[in-house]
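Colleague: Add chain B to chain A, keeping to what the hints say.
Residue strings, one per chain:
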Amino acid sequence: MWVWFSKLGSPKWFYELSGKWLPWLITAMVIFMTIGLVWGLLFLPPDYQQGFTSRILIVHVAVAGTSLAFFPLMFVAGTITLVWRMKLADMVAKNAAILGAWFSFITLATGSLWGSVMWGTWWEWTDSRLVSMLFQLFLLLGVISLRSALEDSDTAAKACALLSIVGCINVVIIKYSVEWWNTLHQVSSPVNMDASSPNGPEFWIATLIMIVAVYLFLSVSLILSTRNEILERERKSQWVQDLVLKS
Amino acid sequence: MTEKQTTTSAAFLATLKRDLLIAFKKKNDIVNPFMFFIIVVSLFPIGISPESDRLTEIAAGVIWISVLLASMLSMDSLYRSDFEDGSLEQLLLSPHPLFFLVLAKNISHWLVSGLPVVLVSPLLAYMLALPSEAYGTLVLSLLLGTPIMSLIGSIAVALTVGLGSRGLILAVITLPMSVPILIFGTLAVQSTLNSQSPLGYLSLMLVMLSVSVSLAPLASGAALKISVN
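Line order of the protein sequences matches chains A and B.
Per my numbering, the very first residue in the first sequence carries number 1; after that it's consecutive.
Per my numbering, the very first residue in the second sequence carries number 248; after that it's consecutive.
Just so you know, the hints here were simulated from the structure itself, not pulled from any lab data.
The model shown is predicted, which means the values in this text are computed figures rather than measured ones.
Where is the CB? At the ideal position from N, CA and C, for every residue including glycine.
Be careful, since some hints might not be right.
[Claimed, not checked] With the Cβ distance kept under 7 Å, some of the chain A side facing chain B (calculated, not the full set): (1) F138; (2) L139; (3) G142; (4) S145; (5) K158; (6) V166; (7) N170; (8) S177.
Chain B extracted, bound-state conformation:
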């Protein structure tokens, strides 16, 4: 029997579809980081100050840091179940370039964990008294920044996938690396608040996104090969 050859794009789409399907069947992995994000953001006004003046000052930073923490928590589910049931090995054995398969996994993971956070952010921004003219910039910066977080986090998760308890080591590795995104994300929002154009910061984030889309899956693939062997 001759096997039918699949194209790389078909493999890419199949991986994307499979991961989305699994994500919707295991809703806990999606819902918990999302709830975590909303709860952390709501703790800040209680801990710091309920006055709207002070909340406006910290709103962008609070949302950004909570996004970083939530995305780090959700990263853990990216490769874990695949590693445990052996399908990660099948992925590595596949004849298609690992780059695209890893990218497909990252995209589907971002769709279910990053995108909901971005969509709910204007609501939380309203609760933190962020002036409404900054909503657009906030959403745009998150839209550019959360995929970068997923791509960077994917490298760290791939490196630690074989470990028993990896929650904290994941934080130690990824959080320092997210500093540039945090800086540009919050600076973009701040500059809108000071009625300056945030375009410079946003285009820098776009540069970082395109660099990480083209390089991070390579590093994640290499890291997966190291961890699985």
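Here chain A stands alone, though its shape is the one from the complex:
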């Protein structure tokens, strides 16, 4: 276990291993994304109350669910950076912050699109999830701007790790405190596999496929950007120079 753990910390080992994983992950992502998007956005029967607008939710729910994974991910990566001084964890954390900000933004954008039809407004302060997602975006932007402000990469790694841990705890507190407001947001409907119910199983299956697709997309983009980061930070090492000469 510990050998595996310390091996994972080596950028070179990760670069080689992730190179083997990537084709499989990308294939799986393309398959799930195509099925989810084509079926979910073009062929899914309209919801009995929401009409065709419910199709936006297929994307929105998947992206929103995934964007909640970023702070826990950065919390774990930050702990690894601070405790074991693992460079790789920081490379992941750096890109996770940027990806997380994009995912939060897309969640807000798709949510507003859906809200503009269903609620009749693009933005609604009384909805707790909207507001806490906005502040998650702000916190992630704070982590990104702290990293860009600190020049020394070792200091930046540790400082951002600490801020991510504090931020992760804070996101939870923000989420629950914002819920004290009256909420307008859809309570997520319970999973209903009964074909005779108005929310038939198709909707759930499409959403599940989309969630898997978005998680795969997240892994692929995180791995790709981390590989990029590895090449950039290890550019002086022998194996990277060999790799560049070979290609």
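Modeller: Same frame as chain A, now just chain B:
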């Protein structure tokens, strides 16, 4: 020569005393955020409306947001001069637990920057036409909320102490984190205005205060170690 061992409580008190002394010698660092607070609050009636009905509605929020902004401005002086003259390194090298030394610095900073703001708040609440039955709740909520702000801000200041221009990045980091305090602080005042008991919100703030007193100095200490090395 054998050195006399100092106890941690003596070190705690010495740090507290030293910081208070420095604060009273450099009055600008205390007075400017305080003036900023009063000026910002007085701008709202001019910008929004001088009618007392509308002012009553926004009074709690205006005071709370101005407190957040002022405390953020004053945070900058918490570690800066110590960092510049090297005494921060001495603090880190001290054999006593960093937790208590950081806590002492935070307490003295709150005494000179947070407490004056809390004390002057009823006056500003009167100017914003807040009904007098809410003064008590406002002061209590500020009394619980401003130390939390100082403790959270201390982490962000410790992380950015080595940077040249850090005013704005400090705001970007700390302001989103102060959302829960803002919510509970204003809700407490609002519930008093609706003649409900604000005790629930105030006790939640007390919980947040005790959690941040016990955890934030740890994070600030770790952040100082990161920044100074």
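Colleague: For each hint, tell me whether it holds in the structure or not.
Modeller: Against the structure, the hints:
| no. | hint | result |
| --- | --- | --- |
| 1 | F138 | 4 Å, holds |
| 2 | L139 | 5 Å, holds |
| 3 | G142 | 4 Å, holds |
| 4 | S145 | 6 Å, holds |
| 5 | K158 | 4 Å, holds |
| 6 | V166 | 6 Å, holds |
| 7 | N170 | 5 Å, holds |
| 8 | S177 | 4 Å, holds |
Checked against the numbered hints given earlier, the structure satisfies every one of them.
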